[in-house]
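Trainee: Residue numbers (the numbering used here), protein chains in the order written: chain A, 2 to 280; chain H, 12 to 320.
It is possible that some hints are incorrect.
DSS-like, lysine-lysine: derived pairs with alpha carbons at most 30 Å apart [to be verified]: (1) 274/A <-> 143/H; (2) 180/H <-> 221/H; (3) 38/A <-> 274/A; (4) 264/H <-> 298/H; (5) 295/H <-> 213/H; (6) 264/H <-> 127/H; (7) 38/A <-> 180/H; (8) 41/A <-> 143/H; (9) 180/H <-> 127/H; (10) 168/A <-> 38/A; (11) 127/H <-> 38/A; (12) 221/H <-> 264/H; (13) 221/H <-> 274/A; (14) 182/H <-> 143/H; (15) 295/H <-> 279/H.
In short, the hints are calculated from the structure, not lab data.
Spelled out from the first residue to the last, the chains are:
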Amino acid sequence: MKPEKKYLDAFPDERRGWPLFWQSLRKVYSFSFFLGKRSKRSRLFAFLSFFPVLLSVFLRVEQAVTADASFDGLYFFNNAILLFALQFLILILAVFYGCSIGTEDLEAGTWAYLVTRPIPRTALVIGKYASSVVVMALMVGTGIVTSFLILNFERLGQIFIYGLLLKDLAVIFLGLMAYTAFFTFLGASIRRSIFFGLIFSFGWENVIQYFPGSTQRLAIIHYIKSLIPLPSTGRFSFLTFRLEPTRPLLAVVDLLGITIFFLTLASLLFTFKEPRVED
Amino acid sequence: MSLAVVTEHLSRWYGNVLGLSDVSLEIGPGITGLLGPNGAGKSTLLKLITGQIRPSLGRVTINGQPVTGRPELFFNIGYCPEQDAFFEGMTGFQFLYWMLRLHHFLAERAGLEAEKALRLVDLYDDRNRPIKSYSRGMRQRLKIAQAIAHDPEIMVLDEPLNGLDPLGKRKIIRLIRDYGREGRLVIVSSHVLPEIEALTRKIILIHQGKVFAQGDIHEIRDLIDRHPHVVSIRTPASRVLAAALIQQPFVVKAYFGDDEESLLVETKNRDQFFRFLLEMAAVKGIKLEEITSPDDNLQAVFDYLVGKG
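Bound-form chain A, shown alone (with noise of 0.2 Å):
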């Protein structure tokens, strides 16, 4: 017997399609939540997260040593801590969170129990992917914000340095969105695909970016660095060398396409995928 209508939150009717993908995309992106929020490997790189706040504690203990009047929160927390985590801690979650989407179920065998529900495998893969960004954000949002107000513990009165805060925010937020669906892609279409997002991630993204002209425009992180403070003069410039900056609301349709793109080819992707049979 069917199950009756009162028990569930979706029922399917005669327009197949859209009501059911809501619901299902709902339904995914709290069970991968649950999931994703307990996991050994969040547990890890949730303690990678923490490492700008390690940074960020050093850098104040170092200047309580050295008494240095000059020392600027902003100016660290904007060349140090914020690059680290866009040059480093997003492309490493995204790999790897990024990469597992449309594998780590097939490789251990539940996603049987995934694609037997009443739920479009586009909802699978879209709500697993906002489930990963949402638990990544939360663990560099973390690390970020703490370290910020680390570093600018006398300025804490200051209510223009939250505005800078909530945009870098922003940029960290897009980023990974960016990443993770890119990542999703490769995940879906090669094997080993943590080992190419990792060549990726620090071969051409920490090359490409630094090209002249448009060549660095096809790497992403050129996208993400057109929305952050324009390179200083300072001892951590190299950082931000060569940029040729899109503009800002051009860099953020970018990202935003960029994902869209990646996540729709994922999802085509994805509908084709199949366990390995043992019979």
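Place chain H on chain A using the hints.
Mentor: Here is chain H on its own, set in the frame of chain A:
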């Protein structure tokens, strides 16, 4: 609409390897047993029926609708996979709760239905234990619970009795038979003949990716019963037993195993043989330590039926 799973000229290759070849079936309400040795193509067929994999040729319909790309069909389908895989960090209750949530049950209702299903498979008392601490049999029962928790009309159970202890097996067999009696469509696969016999008379024999025979189990049984069966008996009185057995017309031969206590008997009538064996044990007080039947593995039967035996 009456329940029906229909496959039309269904074939599936894995590269150059044939998984299933030209399988056309019409399965209706009640329990249908899918029998075949390991590697016969049972899981491939069940994965095709549940839309997990796509056919290379042919098509599958459930209640008249093609299964691929129609997730709403799964409101009414329960699938128990063969593979022993779970979201290990969860408890039994959490697993069922979330499976029901993914079936679009409201949160409160999902909790109630999860508890109900856990009771049905005798896991209620262990509901808050992590799945990774469950025994093999408990994990198997949990897999069955997730397939039945949403009360589907169609159940596809891939080797559901694997790893269950005799008591658990009996309980699950009773449960599945009840579902069959209620008019639900249940497909159960197994490579163990007595398991399927205990469930249904309607069977499909599958071998090397092809449907080998289909129909009432008694017809198949007749074929199988002509096949001499080997029964292994472990008893301290192996010589006494061998002397008595060899005089019986239904015993083809009897020989000793590697040690003094194991006796292997080949019989052409299993029912008569077991009746006689139990009588001997009761009347002469012969202690039977272990009885196993290597031929219960269907591979031997199939080898016999296709002429290799």
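Trainee: Taking the hints in turn, state whether each one holds.
Mentor: Evaluation of the provided hints:
Between the alpha carbons of residue 274/A and residue 143/H the distance comes to roughly 27 Å, so the proposed pair stays at or under 30 Å and holds. The straight-line distance between the Cα atoms of residue 180/H and residue 221/H is roughly 28 Å, inside the 30 Å bound, and the hint therefore holds. Annotation: proposed proximity of residue 38/A to residue 274/A holds, straight-line Cα distance about 26 Å (limit 30 Å). Straight-line distance between C-alpha atoms of residue 264/H and residue 298/H comes to about 21 Å, which keeps the hinted pair within the 30 Å bound.
Our distance criterion of 30 Å between C-alpha atoms is broken by residue 295/H and residue 213/H, whose separation comes to about 39 Å. Distance hint between residue 264/H and residue 127/H is unfulfilled; the C-alpha atoms sit about 51 Å from each other, more than 30 Å. Proximity of residue 38/A to residue 180/H is assessed by CA-CA distance (about 36 Å); at most 30 Å being required, the pair is judged violated. Distance check on the hinted pair: residue 41/A and residue 143/H sit about 15 Å apart at the alpha-carbon level, within 30 Å; holds.
Distance hint between residue 180/H and residue 127/H is fulfilled; the C-alpha atoms sit about 19 Å from each other, no more than 30 Å. Restraint check for residue 168/A and residue 38/A: satisfied, since their Cα atoms lie roughly 25 Å apart, inside the 30 Å limit. Of the supplied pair hints, the one linking residue 127/H and residue 38/A holds, its CA atoms being roughly 28 Å apart against a limit of 30 Å. With a C-alpha separation of about 34 Å, the suggested pair residue 221/H and residue 264/H falls outside the 30 Å cut-off, and the hint is violated.
Restraint check for residue 221/H and residue 274/A: the C-alpha separation of about 25 Å stays at or below 30 Å, so the hint holds. Simply put, residue 182/H and residue 143/H have alpha-carbon atoms about 23 Å apart, close enough for the 30 Å limit, and the pair holds. For a cut-off of 30 Å, the pair hint linking residue 295/H to residue 279/H stands: about 24 Å separates their Cα positions.
Checked against the numbered hints above, the structure breaks hints 5, 6, 7 and 12 and satisfies the rest.
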